[in-house]
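Visitor: In case you want the letters, here they are:
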Amino acid sequence: MNSSTSTKIENKTEPNTQVKQRPPQQPESDERLKKVSLMTTLIRRPELGAIAGLVLVVIFFIIFANPAMFTLSGIMNVMAPAAQLGILAIGAALLMIGGEFDLSLGSMVAFAGLIFGTALVVLHLPLSLALLVTFACAIAFGTLNAQIVLRTGLPSFIVTLAFLFILRGLTLVGLKIASGGSTQLRGIRGAAGDSFLTHIFSGNAFTGLFSWAARHGWIAKFPNGTPTVTGVPVEILWFIGLAIVATWILLRTQFGNWIFAAGGDPKAARNSGVPVNRVKTILFITVALCATLVAVLTVMDVGSTDARRGFQKEFEAIIAAVIGGCLLTGGYGSAIGAFFGSIIFGMVMIGLSYTNIDQDWYLVFLGGMLLLAVIFNNVVRKRVTGER
Amino acid sequence: MNSSTSTKIENKTEPNTQVKQRPPQQPESDERLKKVSLMTTLIRRPELGAIAGLVLVVIFFIIFANPAMFTLSGIMNVMAPAAQLGILAIGAALLMIGGEFDLSLGSMVAFAGLIFGTALVVLHLPLSLALLVTFACAIAFGTLNAQIVLRTGLPSFIVTLAFLFILRGLTLVGLKIASGGSTQLRGIRGAAGDSFLTHIFSGNAFTGLFSWAARHGWIAKFPNGTPTVTGVPVEILWFIGLAIVATWILLRTQFGNWIFAAGGDPKAARNSGVPVNRVKTILFITVALCATLVAVLTVMDVGSTDARRGFQKEFEAIIAAVIGGCLLTGGYGSAIGAFFGSIIFGMVMIGLSYTNIDQDWYLVFLGGMLLLAVIFNNVVRKRVTGER
Amino acid sequence: MASAIFNDPKTPLVEIRNLIKHFGHVIALNGIDIKVHAGEVLCLLGDNGAGKSTLIKTLSGVHQPTSGELLVRGKPVSFNSPRDALDAGIATVYQDLAMIPLMSITRNFFMGREPVKSKLGFKYIDIKHANEVTHDEMKKIGIDIRDPEQAVGTLSGGERQCVAIARAVYFGAQVLILDEPTSALGVAQTSMVLKYINLVRGKGLGVIFITHNVRHAYAVGDQFTILNRGKTLGTFQKSEITTEELQNLMAGGKELQALSDELQGTV
Amino acid sequence: MASAIFNDPKTPLVEIRNLIKHFGHVIALNGIDIKVHAGEVLCLLGDNGAGKSTLIKTLSGVHQPTSGELLVRGKPVSFNSPRDALDAGIATVYQDLAMIPLMSITRNFFMGREPVKSKLGFKYIDIKHANEVTHDEMKKIGIDIRDPEQAVGTLSGGERQCVAIARAVYFGAQVLILDEPTSALGVAQTSMVLKYINLVRGKGLGVIFITHNVRHAYAVGDQFTILNRGKTLGTFQKSEITTEELQNLMAGGKELQALSDELQGTV
Amino acid sequence: TTKTPTIIMVTHGQASDPFWSIVKNGAVQAGKDMHVKVQYRAPETFDMVEMSHLIESAINQNPAGIIVSDPDPEALGPAIRKAVAAGIPVISINSGMKAAKKLGIRLHVGQDPFIAGKAVGERLKKLGRKDVICVNQEVGNVSLDQRCHGVAVGFGKKVEVLPTNTDPSETESKIRAVLSSKPAIDTIVGLNASLGGEPAVAAVDSMGLQNKVEVVSFDLSAGFLKDIVQGKALFAVDQQPFLQGYLPVSFLALNYRYKTLPAGNVLTGPSFITKKDAARVIQLSARGIR
Ligand SMILES: Nc1ncnc2c1ncn2[C@@H]1O[C@H](COP(=O)(O)OP(=O)(O)OP(=O)(O)O)[C@@H](O)[C@H]1O
Ligand SMILES: Nc1ncnc2c1ncn2[C@@H]1O[C@H](COP(=O)(O)OP(=O)(O)OP(=O)(O)O)[C@@H](O)[C@H]1O
Ligand SMILES: [Mg+2]
Ligand SMILES: [Mg+2]
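Chains as they are written, first to last, in our numbering: chain D, 113 to 500; chain V, 113 to 500; chain C, 3 to 269; chain F, 3 to 269; chain L, 3 to 292.
Looking at chain D on its own, in the form it has when it is part of the complex:
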């Protein structure tokens, strides 16, 4: 113990050079910091933690699944449902970071599908107008959700849960009216016609590129010469685009900062002048819009809509967001995490069908893989950051 006095030391910004173990290499360095590699800094980002889980899942399937899973068509096959889930998951993640839930999003998919289908098939609106009506409905409904949550002060969990039931029920009633008694409304693809908008919301992109590649023998093709994969399904592009935009908003914009603040501690945020109610309203609208986008994409894809569309998607979206590192309590998470979380979930969902494991084990497998992926993600992150 050095209980000798040293009354010289008065200026705290001047480090005690005698006992310093690491001499400063540049004026900025601080003896109170261990040096860490760029790698560590990277892996410490919450969004990149989910990658560890993804890697684990991929390795698993490389070992146990049929190699067809990792051909171009196999990857597209896995990515398409992952993308649909992912669009919802990104919306759900933003809202979760903002401190709220929207359990009505799965029902919203069905409801938006009904509105869209009715506008096209029953009211014979042109596609552009039908889209307008559908998205306007989503905005109205998101606002309604937000208003009820904010005005009553009830937890959004319970309010949106009520709308989970209400919207699902309204969809059934509406479908029966629109179709004259059936739970399915058909003929939507035909009614949508073929326009610029059709290609934005359905089909594949880069088809030219793919058939060119097939001609050159770079990608697999059918005997008749058409490529087995004719292009990238548009939902995958929407998914990637949304992930990028959402990440940018979260990390780089004022609104992004407000989302974190509103979710982290709404009282503190309000005290600092963040318009918490406005932020939350916009987030509820965003989620409703994401649900509507998925509705439009799937309805245009399969050409029909039914009463069970989007069933339980709200939970899958939340799961994907949580796998991706979002906290259920709000204030923490990332869109890119939800991106990888959706891919993990999508891959596990579809992946078993590529293996020889008995399909009766599907749920055991799904649960086991999810658990493994998140535990692995967690262990890796703790190892690397030195948390304990």
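Quick caveat, the hints were computed from the structure, so don't treat them as lab data. Note that this is a predicted model, so its numbers are computed, not measured. By construction, the Cβ of each residue, glycine as well, lies at the ideal position given by its N, Cα and C atoms. It cannot be assumed that every hint is accurate.
Which residues of chain L face chain D? A few of them, derived with a C-beta cut under 7 Å, are [claimed, not checked]:
#, residue
1, Pro20
2, Ser23
3, Gly158
4, Leu164
5, Ser171
6, Glu172
7, Ser175
8, Lys176
9, Arg178
10, Val180
11, Ser182
12, Pro185
13, Ala186
14, Asp207
15, Asn213
16, Gly290
Given chain D, work out where chains V, C, F and L with the ligands should sit, using these hints.
Guide: Structure of chains V, C, F and L with the ligands alone, referenced to chain D:
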């Protein structure tokens, strides 16, 4: 403004009597408190808020439902499902107050049903041993859940979600093995035999009382003279008993205090010496035991089990707990609230079948009633307590 | 930084008249009057639970008064949210800090008032600039933070308080309210804060300064208002009162003096 | 109440040897040695972020040390949880208080150490007794709470701090650690706390007292350890040092002195 | 009596299930035609416990008749017996034919899912199919599970069950996955035309396997019927759900008025809809009648 000085006032415990508006009536009174009625104090208890919602729902059904709903047999008919849900909801509420979720509880109902059924029908164990095995399994599984949550530090939401899938999947596989290819296991009631234990877990209580009442014409009876209601279904007694015990534990015991502490702020609780991990482990086990109890009650009641038992009961249980005033973030809530929440939910669920409303509107109705009940509960509470 | 608006010096920048605030059945404030003029430091003193924080929270829009009047530059106002108060030029450091533990220091620092840059029509936060400002402002107050992107939750109690003060100071408006800013601060940081209060007074701002430390209060205060159990015990000009009198006026002041003598120390 | 165990006065009650604590890549403590004997008050002084809270959190089992030794009554120990430290007789008032806002004052007061009564074999909390104790202990420290069943979240900052102190004091063990207990306290409450520290010292307990207020420290302290950026700058006996020297030793002490003169006040 | 009698139908299929919505349409139509009030009740998932509560609530309202589907005679037995004991005539539909008599049910309308499945399996065997998978959109729903089980029994070989959900694009992806990893598969059986059959056709189409893999499905949907017409699918198994709704309601209405009831069970299926008769029923199917 009285900017005159008054250097006399030094003793803060001596109130400034000149300006006091309400003279103290008894030595205990404090000029910093407004007087409130006993009524207000009562209604301010979180658990009693849910009663307002229940009253609303009852009034609704008195107006719109077939009067058969409020006959003795109608009430039993409503209470039986409410009780089954309620047993789960009380467990879920305790765990939620303790700051965790158990999404695997619905699957646990199915899994416990499988274990119980297999023990009786396939292994031909006596009822007492079968019960022992089943509840032992529940304890083991609750411990497993808790250990994974506590050791990995992952949110219980995601861990128990994995078990939601895993247990459901194992139940399916197990049922196929136990029944030789079907997803249904029958003949359990017969295998259970008739013993003291049978009457604890199935059938009706107070049957003597009821037939005596029927003989005197005090309660309705069938043409053949047996009362339409032969007794109180045992699950209702279990439900009421559990609600009382859980309330007592929460409000009056050390363990109850630890539950609130562990859920309110685990770090602070740990710093104060509360064995948070032990508390949470016990709560996970409690939930698993509640699920198992429901499994045993329903299996003994209907005599068979299948792979869909308890499907989505985890969400219904959480809904009931939240209607009853539990916070999703933990640390706040009550068992008696969950009690009333379950009755509200159960009544809404079964109530539609007593009205003339079309089944297609069921979900709209369910959602609307839930929303109304919680909003009403909220408004009443705010009015009465003067919160804003 | 703050640009002070000089208006008629006789109109108080902020005035509160007969303010009453109830929480349910709890009466937190029971008729309070205060005035703050430009270029003046008003010290709010008082026992624990006297209602100081409640008073300034009402002034900064966090709570709505049960009854009473609020005047800013002579005009009656009513704040529905802290945003309104901020817009009216009232910046506050809350006792419970209004910080979000999971967010970085920079993001907390600029919360609600992010420095926005625009490129190709896209508006985004100028993170580099924000980090620099945060680091510099914290250094000014005497804290050399390791990394402005560090989560606020990992800071020490005093460091966190410094972020809150540096923030209010940086965005300082016409009226600066500080609720026990020096309570968790080290000696160096305390002197910075007191220096700063002196500085903004000089610029013509009004300051409301809450503290339990009579010496700190006396060092910078022009007026002293003492609260007790939700009521004002009186307001004194610095000229009217000495430190000792002030100390005695506060509940327990005498005990502390006695104790100090007994322990042969100067408390 | 605390029953002090008197052991060999030469063995320190608590000793820390070369303690190092890292959080990820942050080095919070870098080789600290301290000793506390029975009947001694050790004051930990130091700048914001110096590592005082980290040090005492390691001592009370909240953090596990990265390296270094911990000795209680001469025997090496390792605490895996605060419970272990409590069982070893170390009671702590944390700077971040360890209170649960949604729970009542009484329930917080007795958290982890509920007074259990038994009737017909059922054990339950004696709520009435607990409420009385809480009310009385709070009154002793100078806070007259309205209702012990009120949620802690509705208390003022200082009132909350008083609950934490009253609790540690009530359950006081052989070593009492107080992390900036007086920071949010009024004058009356402060003098109560200082008086109490003096009292327990007299009973033969060891006290570790963290504060930024040199006067408070000097009033009750026997030894003064100064921390700076995770290292000890030295330990001084009361006889070796004056208030002024202590003040100067602390970063910024001189500035404060200068400021005080400049503002014609005594800071 | 002038009061319109009420007939309550309690089934295990949600109102939003395509199959059961047709049953319900039939029941409602019969109600209109026969001038009786019809209430259709069903739990929101396959839940025998709740279904027995619904039956009890029907008994409490003392209707002119109760119609139940009975996928688990053991679980529903006590409630049905109670109805019988209360003197309410009970007709079972769809499932539970074997147990009907024992429980005191007067008559069964419809076809056991197991028997329908077995018929499909036998037909596939006759057609010389080699490797069959069964696409089940709701594993654990006993009556769906029994269809798959029946197919396996009739086919005489193991039939793997592919668990999917009600999302058509996900189902399509899963079918593609199975087809590409198990090239031996040459037949896909959907348990529901719109949730299993149509996505299967889409998957087969997109993989260019039209000539190798055949798709068949239970129940009808307009889209799947069109696929049959176009030769993309082989056949659909119909058990005429509309009749399962319509007939028991009219029987019970007649029973209420004139005390008449058919003496034997009424079988509504299975019948196979192939290319030659598919076109006829597309329009009716789109309206929820076929
Ligand atoms: N969990 C953590 N992760 C990272 N850094 C931390 C963590 N906890 C503390 N630190 C850092 O360690 C240093 C010491 O913090 P500590 O709380 O011990 O300071 P202190 O001496 O108590 O300061 P104050 O007087 O302001 O309370 C601070 O710079 C803080 O940022
Ligand atoms: N939300 C609330 N609900 C009920 N009572 C409250 C609430 N907020 C504050 N109070 C009560 O009002 C009184 C005044 O609290 P306030 O925080 O204003 O005191 P203060 O003067 O700032 O004290 P300190 O110096 O300890 O910070 C306290 O007794 C407190 O218990
Ligand atoms: Mg305060
Ligand atoms: Mg500290």
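Visitor: So, for every hint listed, does it hold in this structure?
Guide: Going down the list of hints, with the structure as the test:
1. Pro20: Status holds, d = 5 Å.
2. Ser23: This hint holds: L/Ser23 lies near chain D, its Cβ roughly 5 Å from the closest one there, short of 7 Å.
3. Gly158: This hint is violated: L/Gly158 lies away from chain D, its Cβ roughly 19 Å from the closest one there, beyond 7 Å.
4. Leu164: holds, 6 Å
5. Ser171: With a minimum Cβ separation of about 6 Å from chain D (threshold 7 Å), the hint on L/Ser171 holds.
6. Glu172: holds, 5 Å
7. Ser175: Constraint on L/Ser175 satisfied, holds at 5 Å.
8. Lys176: holds, 5 Å
9. Arg178: holds, 5 Å
10. Val180: holds, 5 Å
11. Ser182: holds, 4 Å
12. Pro185: This interface hint is violated because 9 Å lies over the 7 Å limit.
13. Ala186: Interface hint status for L/Ala186: violated (12 Å vs cutoff 7 Å).
14. Asp207: With Cβ-Cβ at 12 Å, over 7 Å, it is violated.
15. Asn213: violated, 11 Å
16. Gly290: holds, 4 Å
Hints 3, 12, 13, 14, 15 from the earlier list are contradicted by this structure; the remaining hints agree with it.
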